[in-house]
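*Asks:* Sequence:
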Amino acid sequence: MKRALPFLIALAGCLPIEIPQTPAKAPLSLPLVDGRPSVVTRAPHDYQISRTATAHGFEFRVTRIGRDFDYSEGLTAKKAAMAWCQQFNRDFGATAMARFSQPNAWVFDGDCA
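Start counting the sequence shown at 17; every next residue gets the next number (this note's numbering).
It is worth saying that the hints were derived from the structure and are not from the lab.
Any given hint might turn out to be false.
What the hints assert, rightly or not - Computed beta-carbon distance windows for the label pairs:
#1 P22 with L46: 53 to 59 Å
#2 Y87 with P47: 28 to 34 Å
#3 I81 with Q102: 53 to 59 Å
#4 S88 with S45: 32 to 38 Å
#5 N105 with D84: 29 to 35 Å
#6 P53 with R115: 56 to 62 Å
Idealized CB from N, CA, C, for every residue including glycine.
Go ahead and model the full structure; you've got the sequences and the hints to work with.
*Replies:* See below:
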């Protein structure tokens, strides 16, 4: 028993310092770019996101279900687009430019990265 203790101490030095408990989240495949809307929930509202391909890349159209956006809510719409991309373990394009569009939606040029 006395000889086993130094062996166990020496063996403990071979263990890694940190053992990762959760694997890294890999980006998932995005749905087809066909313009069909999908719903994302970001408290306290639900948002409808549709992606379409344009001549200059991709376009996100964000509308709020139950209450229209106004001109001052671009950041709220961008956070809803970010929440949609996070469902697929991706980030929303940080350089995405936005414009207010009728009928009461925000349109972003860009895609999930």
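*Asks:* Could you say whether the range 56 to 62 Å given as a hint is met by the Cβ separation of P53 and R115?
*Replies:* violated, 19 Å
*Asks:* Given a hinted range of 53 to 59 Å, is it respected by the beta-carbon distance of I81 and Q102?
*Replies:* violated, 19 Å
*Asks:* Given a hinted range of 32 to 38 Å, is it respected by the beta-carbon distance of S88 and S45?
*Replies:* Holds, since S88 and S45 (Cβ atoms, about 35 Å apart) stay within the stated range.
*Asks:* Falls inside 29 to 35 Å, the C-beta gap from N105 to D84?
*Replies:* holds, 31 Å
*Asks:* Should the hint that P22 and L46 are 53 to 59 Å apart at their CB atoms be regarded as holding?
*Replies:* Taking Cβ atoms as reference, P22 and L46 lie about 55 Å apart, which means the hint holds.
*Asks:* That 28 to 34 Å hint for Y87 and P47 (C-beta), does it hold up?
*Replies:* Holds: the Cβ-Cβ distance is about 29 Å, inside 28 to 34 Å.
In the structure shown, a violation is registered for the earlier hints numbered 3, 6, in ascending order.
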